[in-house]
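**Student:** If you read the sequences in order, they're chains A and B. Counting the first sequence from 1 gives a position; my numbering is that position plus 167. Counting the second sequence from 1 gives a position; my numbering is that position plus 167.
Hint data in this document are derived by calculation from the structure and do not stem from the laboratory. Among the clues, some could well be false.
Identical chains share a label here; the pair holds if one copy fits it or two copies do between them.
Pairs of lysine-lysine, BS3-like flavour, derived with a Cα cap of 27 Å [as the list claims (entries may be wrong)]: (1) 233 - 426; (2) 271 - 253; (3) 234 - 474; (4) 271 - 305; (5) 478 - 205; (6) 444 - 478; (7) 478 - 307; (8) 476 - 248.
One letter stands for each residue in the lines below.
2 protein chains.
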Amino acid sequence: MKELSSLLGYRKEIKVVDATLRDGGLVNDFHFEDDFVKSLYMTNIRAGVDYMEVGYKASKEIFDPKKFGKWKFCNDEDIRKVIGDKNPAIKLAAMADVGRCDYKHDIKDRKSSPLDVIRVATYINTIPAAIDMIEDAKKKGYEVTCNIMAISNAQEGDIKVALEMLCQSPVDVIYIVDSFGALFPEQIQRIAHLYSEYCTKYNKEMGIHTHNNQQLAFANSIEAIGDGVNWVDATYAGMGRGPGNCSMENLLGFLRNPKYNLFPVIQFIENYMIPLKESGTMWGYDLQYLMTGILNQHPRTAIEFTKQKRKDYIEFYREIMAQD
Amino acid sequence: MKELSSLLGYRKEIKVVDATLRDGGLVNDFHFEDDFVKSLYMTNIRAGVDYMEVGYKASKEIFDPKKFGKWKFCNDEDIRKVIGDKNPAIKLAAMADVGRCDYKHDIKDRKSSPLDVIRVATYINTIPAAIDMIEDAKKKGYEVTCNIMAISNAQEGDIKVALEMLCQSPVDVIYIVDSFGALFPEQIQRIAHLYSEYCTKYNKEMGIHTHNNQQLAFANSIEAIGDGVNWVDATYAGMGRGPGNCSMENLLGFLRNPKYNLFPVIQFIENYMIPLKESGTMWGYDLQYLMTGILNQHPRTAIEFTKQKRKDYIEFYREIMAQD
Chain A
168 MKELSSLLGY RKEIKVVDAT LRDGGLVNDF HFEDDFVKSL YMTNIRAGVD
218 YMEVGYKASK EIFDPKKFGK WKFCNDEDIR KVIGDKNPAI KLAAMADVGR
268 CDYKHDIKDR KSSPLDVIRV ATYINTIPAA IDMIEDAKKK GYEVTCNIMA
318 ISNAQEGDIK VALEMLCQSP VDVIYIVDSF GALFPEQIQR IAHLYSEYCT
368 KYNKEMGIHT HNNQQLAFAN SIEAIGDGVN WVDATYAGMG RGPGNCSMEN
418 LLGFLRNPKY NLFPVIQFIE NYMIPLKESG TMWGYDLQYL MTGILNQHPR
468 TAIEFTKQKR KDYIEFYREI MAQD
Chain B
168 MKELSSLLGY RKEIKVVDAT LRDGGLVNDF HFEDDFVKSL YMTNIRAGVD
218 YMEVGYKASK EIFDPKKFGK WKFCNDEDIR KVIGDKNPAI KLAAMADVGR
268 CDYKHDIKDR KSSPLDVIRV ATYINTIPAA IDMIEDAKKK GYEVTCNIMA
318 ISNAQEGDIK VALEMLCQSP VDVIYIVDSF GALFPEQIQR IAHLYSEYCT
368 KYNKEMGIHT HNNQQLAFAN SIEAIGDGVN WVDATYAGMG RGPGNCSMEN
418 LLGFLRNPKY NLFPVIQFIE NYMIPLKESG TMWGYDLQYL MTGILNQHPR
468 TAIEFTKQKR KDYIEFYREI MAQD
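Sequences and hints are given; from them, build the entire structure.
**Tutor:** Printed below as a string of structure tokens:
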């Protein structure tokens, strides 16, 4: 039985991270209205959410600012203009991708920025570049997480090396990221145990970020919580790339810390998320994402299938089966 | 770590039960076309599904046969007409509800029926009536399961008494039924352990039937498999009351026994389930079902909310919060 089997209690170290703008932004190219963002911020505070990820720190050389909404770049002044005076009840985070950001220039000192946390996203084969970014962000005063993407495709031996390297760095939190939504809870347990061998020794926190390809985003998140993971990503109505992420409403329905409050989450979903979906923004579980999840493939083929409004699932399955 | 952590292996005792017609029938009053049923039968055989539940044995006094499709009643001759010659690769089951069937009259000897399994559905407070039905079905030659509904509302002390009584009966399989979709995997584990104390001693099999209120139907099913449960219910595209059940496509994507085959399942979903949904038949995860699941309430209010095509989730949450 897991520690959290006593489901009536709670672990105060758990931190809920709202990733709606960041992972959800991948769905609408970060074109969120200011009112949406401001209301999300106020909702997160009322709901007791601990961190709000407002988007990416993406390179303006690689990504054309005319083609994307401002949350792709998260300029400090844009954040300030929309959020207004910062409420100390919630901290703000932004993600920086290895190889896709100009972190030395674009990430300013924490003292002069509304951001509190830099989340460094990396594949397992670019850990040294990630560590350079971690050190840079740490020097600038931020809390820093490192999100190892596509962990379902990484070999255990490589994960061990990566964890050893990261644990020698000043990073605060190391994330398990199931980018392909390919993992079952038992595999999450196994990976969390592997992570915790290192994280316990070096006093690092663990985090979890899931995708809903197999309808397991929430289940895998609470599995991870039971395995000692303290930082948990969720998004309103599960908004995120492809089948989306662990839903905030599911997660807050599970956590027993009285600081969390489900009611404002439901209000925000009715007032903002459902209209967003009805306006044509597409995310959420569907058969094509299940298929790429089962096959442990990147969801890009399924996203393209969705964009083209294809309905020939059988043919799609034939196509992706033939790819391997 | 669970036994099935070695996810590359499999347990040959596992039986997959297709409950599409039975739980799905609750959504469309059992008005399935003959072609749908026949094709589902052929698909199940190709997919390696072990049992197909074709509907209920409901009382024609209590339920008007003019108002429901034939799978509410499962007359032997109706089954024979649609299925044709029985293929020994798959067994047929029907459900009989305590207090809502004339089992002594309507359930004929197995020798003269196309059915192989009678599934007795009961609440925890009607176990003696269930046992009478179990004994009747057993005498008539059937495999018999007992499905204890709404287990999330039952007290552990009562479950123990019920299990002891059932284990003294000739029942073959005792089911955990999460009717309200209220349970988390850790609670499934706890209940499965409780069941197995009795089932192991008396040599009974355990089964699991889940609902997807909290997006945990599949997760709870594989949790149960890891806990020693061998009979697992699933439905195509998750079709079932309210938010539906564990999806067949999820389950067969998880099981490693080479007898199971996902491809025909996808074919059936594209050819039959998606058109069924597009024709207006409503089931599947939505916020109103999450709310009743979190509150461990019967989904009837959420089903009514759905039928009325209401979208005022906030008001609905207020209503059901006030009920307790």
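**Student:** Taking the numbered hints from earlier one at a time, note which ones the structure violates and give those numbers from smallest to largest.
**Tutor:** The structure conflicts with hints 1, 7 and 8, although it agrees with all the remaining ones.
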